[in-house]
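Produce the complete structure using the sequences and hints provided.
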Amino acid sequence: MTSYFSILFFAVFLPLVVTAYGIAPRKARWVVLLVASYAFFWILSGRLIVFILASTVSVYGLALALDAQIRQRDKRLAGATSGKRAIRASAKRRMRAILTAGVLLNVGMLVALKYVKFFGEALSGLFGLFGHGFVVNVPPHDLPIGISFYTLMAVSYLVDVYRESVRADRSLGRVALYLSFFPQIMEGPICRYNQTTESLTAGEPLDRRSMYAGTVRILYGFAKKIIVADRLNAFVRPVFGGHYLFDGGVTAFAAILYTLQLYCDFSGTMDVALGIAQIFNVRLPRNFRQPFFSRTASEFWKRWHITLGTWLKDYVYYPVSLSAPCKRLTKRARKVFGNRYGPLLASSVALLCVWVINGLWHGAGSQYLFFGMYYFVLIMAGGLIEPIAAQAALRLGINRTSAPYRTFQTARTLVIVFVGEMFFRADGLAAGLAMFRRIVTDFSLRAFTSGAIFSVGLDGPDYLVVCLALAGVLAVSIARERGRDVLGALCERGTVARWAVAIALFMAIVIFGAYGASYIPIAPMYAKF
Amino acid sequence: MRNQKLRARLGVALTALAVFLVTAGLLAVTSWASLPKADAHEEGTVDATAHDATGEKNGGLDVLFIGDSEAYSAFSPLEMWGESGFASRVIASHGQRLPYSYTLLREVLTTSSPRVVVIETNSVYSSFSTLDPSLRFLQDHVPVFEYHDRWKRILTHDLPKSSDSRAYLRGFVPNRVAKPSRNTDYMTHTRKASVVPRENQEYLRLMVGYCRAHGATPVLVSTPSTVNWSTPRHNGIARLAHGMHVGYIDLNRGRHKVDIDWRTDTRDRGDHLNLSGATKVSRELALLLSRRYRLPDHRDDPTYATWEEDLDLYRTTVGK
Numbered sequence: 115m116t117s118y119f120s121i122l123f124f125a126v127f128l129p130l131v132v133t134a135y136g137i138a139p140r141k142a143r144w145v146v147l148l149v150a151s152y153a154f155f156w157i158l159s160g161r162l163i164v165f166i167l168a169s170t171v172s173v174y175g176l177a178l179a180l181d182a183q184i185r186q187r188d189k190r191l192a193g194a195t196s197g198k199r200a201i202r203a204s205a206k207r208r209m210r211a212i213l214t215a216g217v218l219l220n221v222g223m224l225v226a227l228k229y230v231k232f233f234g235e236a237l238s239g240l241f242g243l244f245g246h247g248f249v250v251n252v253p254p255h256d257l258p259i260g261i262s263f264y265t266l267m268a269v270s271y272l273v274d275v276y277r278e279s280v281r282a283d284r285s286l287g288r289v290a291l292y293l294s295f296f297p298q299i300m301e302g303p304i305c306r307y308n309q310t311t312e313s314l315t316a317g318e319p320l321d322r323r324s325m326y327a328g329t330v331r332i333l334y335g336f337a338k339k340i341i342v343a344d345r346l347n348a349f350v351r352p353v354f355g356g357h358y359l360f361d362g363g364v365t366a367f368a369a370i371l372y373t374l375q376l377y378c379d380f381s382g383t384m385d386v387a388l389g390i391a392q393i394f395n396v397r398l399p400r401n402f403r404q405p406f407f408s409r410t411a412s413e414f415w416k417r418w419h420i421t422l423g424t425w426l427k428d429y430v431y432y433p434v435s436l437s438a439p440c441k442r443l444t445k446r447a448r449k450v451f452g453n454r455y456g457p458l459l460a461s462s463v464a465l466l467c468v469w470v471i472n473g474l475w476h477g478a479g480s481q482y483l484f485f486g487m488y489y490f491v492l493i494m495a496g497g498l499i500e501p502i503a504a505q506a507a508l509r510l511g512i513n514r515t516s517a518p519y520r521t522f523q524t525a526r527t528l529v530i531v532f533v534g535e536m537f538f539r540a541d542g543l544a545a546g547l548a549m550f551r552r553i554v555t556d557f558s559l560r561a562f563t564s565g566a567i568f569s570v571g572l573d574g575p576d577y578l579v580v581c582l583a584l585a586g587v588l589a590v591s592i593a594r595e596r597g598r599d600v601l602g603a604l605c606e607r608g609t610v611a612r613w614a615v616a617i618a619l620f621m622a623i624v625i626f627g628a629y630g631a632s633y634i635p636i637a638p639m640y641a642k643f
Numbered sequence: 539m540r541n542q543k544l545r546a547r548l549g550v551a552l553t554a555l556a557v558f559l560v561t562a563g564l565l566a567v568t569s570w571a572s573l574p575k576a577d578a579h580e581e582g583t584v585d586a587t588a589h590d591a592t593g594e595k596n597g598g599l600d601v602l603f604i605g606d607s608e609a610y611s612a613f614s615p616l617e618m619w620g621e622s623g624f625a626s627r628v629i630a631s632h633g634q635r636l637p638y639s640y641t642l643l644r645e646v647l648t649t650s651s652p653r654v655v656v657i658e659t660n661s662v663y664s665s666f667s668t669l670d671p672s673l674r675f676l677q678d679h680v681p682v683f684e685y686h687d688r689w690k691r692i693l694t695h696d697l698p699k700s701s702d703s704r705a706y707l708r709g710f711v712p713n714r715v716a717k718p719s720r721n722t723d724y725m726t727h728t729r730k731a732s733v734v735p736r737e738n739q740e741y742l743r744l745m746v747g748y749c750r751a752h753g754a755t756p757v758l759v760s761t762p763s764t765v766n767w768s769t770p771r772h773n774g775i776a777r778l779a780h781g782m783h784v785g786y787i788d789l790n791r792g793r794h795k796v797d798i799d800w801r802t803d804t805r806d807r808g809d810h811l812n813l814s815g816a817t818k819v820s821r822e823l824a825l826l827l828s829r830r831y832r833l834p835d836h837r838d839d840p841t842y843a844t845w846e847e848d849l850d851l852y853r854t855t856v857g858k
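One line per chain: the protein sequences are C and U, in this order.
Per our numbering, the first sequence runs over residues 115 to 643.
Per our numbering, the second sequence runs over residues 539 to 858.
It should be emphasised that the hints constitute simulated quantities derived from the structure, not laboratory data.
Nothing here was measured: the structure is a model prediction, and the numbers come from that model.
Worth double-checking, as some hints may not be accurate.
Which residues of chain C face chain U? A partial, calculated answer using Cβ under 10 Å [unchecked claim]:
(1) ARG322
(2) ALA614
(3) ALA616
(4) GLY627
With the Cβ distance kept under 7 Å, some of the chain U side facing chain C (calculated, not the full set) [said to hold, decoys possible]:
(5) VAL557
(6) VAL560
(7) THR561
(8) LEU564
(9) HIS686
(10) TRP689
(11) LYS690
(12) ASN812
Derived lysine to aspartate or glutamate pairs resembling DMTMM-like cross-links, with alpha carbons at most 25 Å apart [stated by the list, open to error]:
(13) LYS818(U) <-> ASP850(U)
(14) LYS543(U) <-> GLU318(C)
(15) LYS228(C) <-> GLU535(C)
(16) LYS543(U) <-> GLU606(C)
(17) LYS818(U) <-> ASP797(U)
(18) LYS141(C) <-> GLU312(C)
(19) LYS730(U) <-> GLU740(U)
(20) LYS717(U) <-> ASP799(U)
(21) LYS543(U) <-> ASP321(C)
(22) LYS445(C) <-> GLU500(C)
(23) LYS690(U) <-> ASP576(C)
(24) LYS818(U) <-> GLU621(U)
(25) LYS449(C) <-> GLU413(C)
(26) LYS690(U) <-> GLU500(C)
(27) LYS206(C) <-> ASP181(C)
By construction, the Cβ of each residue, glycine as well, lies at the ideal position given by its N, Cα and C atoms.
This is the structure we're talking about:
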């Protein structure tokens, strides 16, 4: 078993967990989920399970320590008639020390495991620049599954307790389940403690509606991943691997197909995760909201990997922009640049932190850092240009709410996204720049007019299947964009219609899925981040 | 109240049964439609050639070769026919594991009665997960899971059984590329023996027993490969063959060693043989098998007329 897409997972693991959950008494159901989650982690990562155990025990203990400080402070405040400010300040200092220790410990584990090779190479390069032959050798090592995801969840729990928006949980098991719940451990969503813990531990009984809705959502996710994403890989892999062999037209096409592949892979895996959770009546937050309908790069990131975006907003952007140095910077900037552009300077510092972390979170590589900077520059530029663009549109008589203008905005955002994802997927920054240069300087449609495009991994019928599947995804996305609950509406239909949809999805996956001897098995793409 | 509950439960049970039956029916229909109807490699279906050993319309098979890519790269039935006149067939596929080999063996032995079954030994060492047999079971009984990717062809080409389903190369996959191997000293002497995994031994035992039960003599053959073969592996197979009372021919060493020129006879630096290497192996093995197992020479037998036609075609197209 390597992921949710293993036969062993769906034929053995999940049915066993569902059966055990169904027959367990209500109070013990969350224990079934906890045991299943740790079993899943153990199967995928073996002895690396010690890292999630260390994270769990540390945040559990430190959250209780924070809670003790809060209680002590409140007790002292209740009994005090004066010096309340000093009591608060003293408690704050101690709580900040506890929080810092927790964040350093958990983020330290992530950095040590995920980025030590990157920093080792950077350090070796630095020594090389100064003429020293010293090389920092980092032996290859495996990463515990989902470390990038559960570390962010662990940090958010500690910060929320520090901010007193949640109470520290006195049950180690519940904290362990929050961090390790098996449907979310591989690729998220990155949940907050108060978002999921209640439904995780409620022990809701299995019911027909949730079972059906969960199953259909899983099948929909499977279809996106196996029919579209894994099939597109046959084209994307050779073009990105041998980009120097293809002209700008094919390279641009590969950038588009890779974006679609990544979307179908990631959002498909999310559908599977949310579907599995739904079977147990556990509600996980959505990670995608029709991102390709966005009209700006900023909006795109509010619709794509939503839980990462909101995490960065709540735990990086706001703390940085509301920090004392940033406030001082804003004050000074207002004097120099005025009220419109002054505050932008301070928020750009916070935004820079967000995008550096966003880039590096995806991986220790120059292309990821570039990816973060790419969006930082675009979003900053968007903020600066917006008032000018609004004035220009007014003078030119362009209606910015009209359908053609909105279509233009969506198309422009799509181009930005395709280019960004091309750099993200390229084998290093140099390869990404070479591909971009080829698109600009050597753009040609020769491969399309001559039919040569059909000899690169995918043939005509492959493209037909991809187009039909994407048309289905688009139809569901449009309905959701219009506020319709597609799955809910399906659950309301008659038995025959409901099961006809489920069987049709299943048969489509069996027949048109890119699996078996002719295809390279592809693990969920975000699991490696 | 009780009646209502009973009705609800009956409704759930009937729905589940209907869903199961409809799904099973659809899988059965699509499985029938997706099964290969002709030689696989000509069709571009990776694995189907291994299944197509029933293509011989005239005369029966004398020898069956089973294995992975080492087998389909090294054994040329038409070359052997030209050398010794016995009819053979290769049912090999890329990365073939023993559970699949066992399936194929049973499939072929229901319609053919070869005298000798050659099991290429590289797959004997290929480990497989505990899931493989159950997955194999699923693919054996619901072929659409294996051949689903043929949907591109079935509507336009071969929904009906092809009238000419004879596999011209009989499972051999020729390759003319030559990439020399530097490691020519791969069979250095040692007493060490590589252990064949226990589950592999079990499947080999099943295959040997099945061959004997159907009147065929099983033989283990190691094809030349500087990448996949070694003296410890030879020793491991030799012990296993001795324990099972099965003949063992190692073409890498000893008196049966084939004179492979590792500069010209391999397509991928010693991993697999190319056409030139396969020709050498096929000729030597043809002589050895026909002598040791007294295989008949059908070259003057009119029921095997197609073999002569195919040999001419083989010599023309393969460039002999």
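Now for the hints, and whether the structure bears them out:
With its C-beta approaching chain U no nearer than about 7 Å, ARG322(C) sits inside the 10 Å limit, and its interface hint holds. The interface hint given for ALA614(C) is met, as the beta carbon of that residue sits about 9 Å from the closest beta carbon of chain U, less than 10 Å. A hinted interface residue such as ALA616(C) counts as satisfied when its beta carbon comes closer than 10 Å to some beta carbon of chain U; here the least separation is about 8 Å, so the hint holds. Interface hint at GLY627(C): satisfied, since its Cβ lies 7 Å from the closest Cβ of chain U, which is below the 10 Å cut-off.
The interface hint given for VAL557(U) holds, since its Cβ lies 5 Å from the closest Cβ of chain C, which is under the 7 Å cut-off. Among the interface hints, the one on VAL560(U) holds; its C-beta lies about 6 Å from the nearest C-beta in chain C, closer than the 7 Å criterion. Taking 7 Å as the C-beta cut-off, the interface hint given for THR561(U) holds, the closest approach to chain C being about 6 Å. Nearest Cβ of chain C to the Cβ of LEU564(U): about 5 Å, under the 7 Å cut. The hint holds.
With its C-beta approaching chain C no nearer than about 5 Å, HIS686(U) sits inside the 7 Å limit, and its interface hint holds. The beta carbon of TRP689(U) comes within 5 Å of a beta carbon in chain C, closer than 7 Å, and the hint placing it at the interface holds. The beta carbon of LYS690(U) comes within 4 Å of a beta carbon in chain C, closer than 7 Å, and the hint placing it at the interface holds. A least Cβ separation of about 22 Å between ASN812(U) and chain C goes past the 7 Å threshold, and the interface hint is therefore violated.
A distance of roughly 19 Å separates the Cα atoms of LYS818(U) and ASP850(U); the hinted pair therefore holds under the 25 Å criterion. Straight-line distance between C-alpha atoms of LYS543(U) and GLU318(C) comes to about 21 Å, which keeps the hinted pair within the 25 Å bound. Using a Cα cut-off of 25 Å, the hinted pair LYS228(C) and GLU535(C) holds, with the two alpha carbons roughly 21 Å apart. For the proposed pair LYS543(U) and GLU606(C), the alpha carbon gap of about 21 Å is at most 25 Å, so the pair holds.
For the proposed pair LYS818(U) and ASP797(U), the alpha carbon gap of about 8 Å is at most 25 Å, so the pair holds. Between LYS141(C) and GLU312(C) the alpha-carbon distance is near 13 Å, which keeps this suggested pair within the 25 Å criterion. A hinted pair counts as satisfied when its Cα atoms are at most 25 Å apart, and LYS730(U) with GLU740(U) qualifies at roughly 22 Å. Restraint check for LYS717(U) and ASP799(U): satisfied, since their Cα atoms lie roughly 11 Å apart, inside the 25 Å limit.
For the given pair, LYS543(U) sits about 15 Å from ASP321(C) by alpha-carbon distance, which is consistent with the 25 Å threshold. A threshold of 25 Å between alpha carbons decides the hint, and for LYS445(C) with GLU500(C) the separation of about 23 Å falls inside it, so the pair holds. A threshold of 25 Å between alpha carbons decides the hint, and for LYS690(U) with ASP576(C) the separation of about 8 Å falls inside it, so the pair holds. Restraint check: the Cα-Cα separation between LYS818(U) and GLU621(U) comes to about 11 Å, which is no more than 25 Å; the hinted pair holds.
This hinted pair does not check out: LYS449(C) and GLU413(C) have alpha carbons roughly 30 Å apart, beyond 25 Å. The hinted pair formed by LYS690(U) and GLU500(C) fails the criterion: a straight-line CA distance of about 50 Å is larger than 25 Å. Using a Cα cut-off of 25 Å, the hinted pair LYS206(C) and ASP181(C) holds, with the two alpha carbons roughly 12 Å apart.
The earlier numbered hints that this structure contradicts are 12, 25 and 26.
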